[in-house]
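Top line first, the protein sequences correspond to chains A and B.
The first sequence begins at 45 in this note's numbering and counts up one residue at a time.
The second sequence begins at 13 in this note's numbering and counts up one residue at a time.
I should point out that these hints are in silico values taken from the structure, not numbers from a laboratory.
Watch out, some of these pointers could steer you wrong.
Distance windows between CB atoms, simulated [said to hold, decoys possible]: (1) A:Thr99 / B:Pro118: 40 to 46 Å; (2) A:His126 / B:Ser19: 42 to 48 Å; (3) A:Ser53 / B:Ser81: 23 to 29 Å; (4) A:Pro158 / B:Thr98: 17 to 23 Å; (5) B:Ser81 / A:Ile104: 34 to 40 Å; (6) B:Thr89 / A:His54: 15 to 21 Å; (7) A:Ser128 / B:Thr17: 21 to 27 Å.
Note that the structure is predicted; figures quoted are calculated from it, not measured.
Backbone N, C-alpha and C fix where the C-beta goes; we use that ideal spot for every residue, glycine too.
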Amino acid sequence: AQSVTQLGSHVSVSEGALVLLRCNYSSSVPPYLFWYVQYPNQGLQLLLKYTSAATLVKGINGFEAEFKKSETSFHLTKPSAHMSDAAEYFCAVSRKAAGNKLTFGGGTRVLVKP
Amino acid sequence: DAGITQSPRHKVTETGTPVTLRCHQTENHRYMYWYRQDPGHGLRLIHYSYGVKDTDKGEVSDGYSVSRSKTEDFLLTLESATSSQTSVYFCAINGLAGGDEQFFGPGTRLTVL
C-alpha cells in the first residue's frame with residue numbers, strides 16, 4: 045500500500061522568503077510522485093512530477109522538488125515566495141501498475157505575508 | 013486545459029435522496045477517476061474506470077456506485093445520500109501526451125442536509 049505524509053497542515057511565509065513544503069511517502073516499488081496546487085474554489089493544477097528521470101524536478105511558477113530515495117522524500121521548494129503562491133499544496137504518489145491511482149497527502153495550506 | 017467538465021457544479025440535497033454527478037471528457041482518455049476532498053484528508057479515491065464498462069473500487073467506495081457506458085462519460089451515483097457524503101467531488105483523467113499525471117475537473121460541491 046502507498047501512503048503520503050505532508051508535515052504541517054499550515055505554513056506561513058513572508059513574501060520573498062523561502063517556501064519549503066515537506067512530503068514523505070511509502071511505496072513498495074519505485075513510485076511516481078507529484079505536487080499539485082489548488083487555488084481557492086478551483087480544481088487541482090499540476091506543479092511538477094517525478095517519474096524516475098532526473099531527481100531534481102523543476103515545475104511551473106518557480107517551484108522545484110528533489111526526489112531522495114534514501115529518505116523517501118519529495119520536498120517542494122521555491123526560493124522566493126510571492127503573494128500569488130497562497131494556496132493549498134498536495135503531494136501525491138501513484139504506481140503505473142496500479143492504474144495510476146493517486147494517493148494524496150493531507151495537504152499544506154500556504155499563507156504568504158506581505 | 014484538459015477538456016474535463018463536471019455537472020452540476022453545486023448541489024444541495026436531502027438525506028436519503030439519490031444523487032448523480034457527471035464527468036465528461038473530450039480527450040478520449042481510457043482512465044477516469046472520482047475523488048472526494050475533505051479537510052485534512054486531501055483527496056481520496058472513490059472509484060475509477062479503466063475503460064468502458066470497466067470500473068473498480070477505490071479507498072472510500074462505500075455508498076457510491078459508478079457507471080461508464082461511453083468513453084467520454086463517467087457517472088458517480090450516491091444511491092441514498094447521507095450527511096457524511098457532503099464534500100467536494102473531483103473527476104480526473106489520465107495524463108496527456110504520454111505523461112502519467114492526472115488532470116482534474118473543476119469539482120462539484122455537494123451538500124447533504
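ask   = Which earlier hints can't be squared with this structure?
value = Numbers 1, 2, 3, 4, 6, in rising order.
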